[in-house]
Amino acid sequence: MTGLVLALVAATAFFAMRLASGNEDAAGAISTAGAVAFALFAAGSAFDVARRLKPGEPLRAQVVLIGLGMAALVMGDFLYWLLESVLGLSPYPSVADVFYVASFPLLGGGLMLALRAFSRGNKQPMPLAAAAAASLLATLAVWGTVLAPVFGDSEISIVEKVLGTLYPVGDLWLLLLPALALAIALGRFAGGRLAVPWVIVAVGAVLMAATDTAYTWMDYAGTYVSGSFIDAGWWLAYAAIGVGMIALADAQGLRGGRR
1 MTGLVLALVA ATAFFAMRLA SGNEDAAGAI STAGAVAFAL FAAGSAFDVA RRLKPGEPLR
61 AQVVLIGLGM AALVMGDFLY WLLESVLGLS PYPSVADVFY VASFPLLGGG LMLALRAFSR
121 GNKQPMPLAA AAAASLLATL AVWGTVLAPV FGDSEISIVE KVLGTLYPVG DLWLLLLPAL
181 ALAIALGRFA GGRLAVPWVI VAVGAVLMAA TDTAYTWMDY AGTYVSGSFI DAGWWLAYAA
241 IGVGMIALAD AQGLRGGRR
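Letter by letter, the sequence shown follows residues 1 to 259 in our numbering.
Since the hints were derived computationally from the structure, they do not count as laboratory data.
Note that the coordinates shown come from a computational prediction; the quantities given were computed from them, not determined experimentally.
Certain hints may be false.
[Unchecked claim] Here are the computed distance ranges between Cβ atoms for each label pair: (1) R120 with A221: 42 to 52 Å; (2) S157 with W217: 14 to 24 Å; (3) A214 with R51: 32 to 42 Å; (4) R193 with S85: 22 to 32 Å; (5) V162 with A132: 31 to 41 Å; (6) M218 with V98: 16 to 26 Å; (7) S157 with D25: 20 to 30 Å; (8) M218 with A133: 23 to 33 Å.
The beta carbon of each residue, even a glycine, is placed where N, CA and C say it ideally should be.
Construct all of the structure, not just a fragment, from the sequences and the given hints.
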């Protein structure tokens with residue numbers, strides 16, 4: 001039911017954003033508001049799970065890191081909007097990037113803790129090896145199409161070059177790698193009650209990394225505009241993480257109160 005409601009809300013908001021696509025300011029406002037709303041939903045859902053767990057439970061650290069990662073994205077989006085739309089300042093590079101970059105180790109840390117928990121008793125390196133291979137291939141593609149030209153452009157500042165590297169590295173190695181490894185590792189549980197929520201979260205993280213990477217390409221090519229279809233990728237990614245956290249609470253029997 002939660003997923004259906006979110007899908008209807010997302011579809012309505014995205015339709016409104018497409019109608020406003022001729023007005024870049026309006027489309028950008030709707031896009032940002034949607035991303036912030038879904039990221040808040042994901043962060044709140046994660047913190048709610050953590051609140052219901054007893055201190056010291058291993059699961060608590062996993063969901064707290066996921067919640068902090070999503071909260072960092074919310075803060076980054078808010079500061080980006082504040083700098084650009086209210087103060088009329090350049091939002092890139094800015095303090096917003098501190099929160100965006102911080103989201104990678106936080107989300108990746110939560111996913112890695114979940115991977116370690118599900119990998120107990122199964123020391124096969126295949127999930128990490130397969131995920132690392134995928135991340136390496138994606139990194140080579142990004143390097144050849146975006147990063148190499150950026151580093152060769154003398155008009156781009158050192159700060160922008162560093163940030164331009166941190167984002168794809170964070171997406172592909174701190175987000176995509178653990179998310180793919182977790183999804184592969186969970187395959188052996190064949191839809192188990194405790195595995196399904198983390199599969200949903202992993203899918204959301206993979207979608208987030210893919211959307212971020214697509215944005216990197218489009219932004220470099222000068223083809224990205226607020227309100228484009230790619231913006232829905234962030235909404236769906238954040239929504240999936242939030243739904244995964246709610247499903248995790250249900251699987252753990254937490255919805256009736258603190259366990």
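How the hints compare with the structure:
1. Here the CB-CB span from R120 to A221 is close to 44 Å, well matched to the stated 42 to 52 Å.
2. For S157 and W217, the Cβ-Cβ distance of about 21 Å falls inside the hinted range of 14 to 24 Å, so the restraint holds.
3. Distance hint check for A214 and R51: the Cβ-Cβ separation is about 35 Å, which falls inside the suggested range of 32 to 42 Å.
4. Separation of R193 from S85 is about 44 Å and departs from the stated range, judged on CB atoms against 22 to 32 Å.
5. For V162 and A132, the Cβ-Cβ distance of about 23 Å falls outside the hinted range of 31 to 41 Å, so the restraint is violated.
6. Range check, M218 to V98: about 24 Å between beta-carbon atoms, so the 16 to 26 Å window is met.
7. Between S157 and D25 the C-beta distance comes to about 27 Å, which sits within the given range of 20 to 30 Å.
8. About 25 Å separates the C-beta atoms of M218 and A133, a value consistent with the hinted range of 23 to 33 Å.
In the structure shown, a violation is registered for the earlier hints numbered 4 and 5, in ascending order.
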